[in-house]
Amino acid sequence: SAVISQKPSRDICQRGTSLTIQCQVDSQVTMMFWYRQQPGQSLTLIATANQGSEATYESGFVIDKFPISRPNLTFSTLTVSNMSPEDSSIYLCSVARRGSGILDEQYFGPGTRLTVT
Amino acid sequence: AQKVTQAQTEISVVEKEDVTLDCVYETRDTTYYLFWYKQPPSGELVFLIRRNSFDEQNEISGRYSWNFQKSTSSFNFTITASQVVDSAVYFCALSVAGETSGSRLTFGEGTQLTVNP
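Line order of the protein sequences matches chains F and L.
Those letters in the first sequence? Residues 1 to 117, by our numbering.
Those letters in the second sequence? Residues 118 to 234, by our numbering.
One or more of the hints may lead you astray.
[To be verified] Here are some of the chain L residues that sit facing chain F, going by a computed Cβ distance under 8 Å:
# : residue
1 : Phe152
2 : Trp183
3 : Ser220
[Said to hold, decoys possible] If you want the footprint, here are the derived chain L segments under chain F, 3+ residues with CB under 8 Å:
# : stretch
4 : 127–134
5 : 225–233
FYI, nobody ran anything at the bench for these hints, they're computed from the structure.
Remember, predicted model here, so these are calculated numbers, not experimental data.
From the three backbone atoms N, C-alpha and C, an ideal C-beta is built for every residue, glycine too.
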């Protein structure tokens with residue numbers, strides 16, 4: 001398994017500001033992802049955080065709004081830029097290992113509850 | 118494209134009843150992985166099980182059991198003798214093994230299970 005921590009655990013931010021969320025894993029992982037869970041909804045993938053290169057974004061998500069960094073195999077950040085109330089969600093970091101063509105379990109961090117006023 | 122359908126939005130049972138959560142998936146890939154996660158009111162996402170497309174054996178873990186049927190593209194989850202602590206939102210998810218799609222998860226909409234004492 002993997003132990004994942006996220007900072008901050010929650011925040012209340014004003015419209016127009018930006019927030020950077022950190023994700024730290026206790027061991028090296030192949031893949032890191034960022035998901036969004038809007039209130040009462042399911043999880044939607046924002047992007048895959050690639051180590052040493054630009055993140056791969058899903059349809060509907062752009063780098064200018066959600067810049068992502070992944071400087072090494074255990075750490076990633078997601079920034080929510082120029083926030084609006086529609087960005088109020090839980091943001092979750094997820095990690096997975098892949099070896100010999102087999103996908104390991106995917107684990108999720110505790111999430112960051114963001115409220116934009 | 119992948120799709121996961123959890124037709125049951127909410128289920129309410131009385132403690133000690135058995136309950137089955139349905140999950141139907143769609144994918145054109147022949148190699149894929151199916152997951153179940155539990156999200157209690159605290160918000161964290163708890164990994165329950167991963168099953169790959171080549172392993173159709175049913176699995177039992179304590180009070181939990183999973184029935185994987187490729188013929189009907191279903192991966193149903195049964196809780197036997199339910200308890201109040203089982204109250205949570207349960208998500209079924211799908212990941213395919215192709216390189217272009219990585220390991221990202223496609224989630225169903227979730228089923229809110231309430232177990233009443």
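Agreement of hint Phe152 of chain L with chain F interface, Cβ distance less than 8 Å: OK, holds: Phe152 of chain L within 8 Å of chain F, min 7 Å.
Hint check: 8 Å Cβ-Cβ cutoff, Ser220 of chain L to chain F: holds (5 Å)
Residues of the stretch 225–233 of chain L with Cβ under 8 Å from chain F, three needed, outcome: It holds, with 3 qualifying residues against the three required.
Residue hint Trp183 of chain L, partner chain F, criterion CB-CB below 8 Å: violated (14 Å)
Coverage criterion applied to the stretch 127–134 of chain L (partner chain F; beta-carbon cut 8 Å; 3 residues): violated (count 0)
Of the numbered hints listed earlier, those contradicted by the structure are 2, 4.
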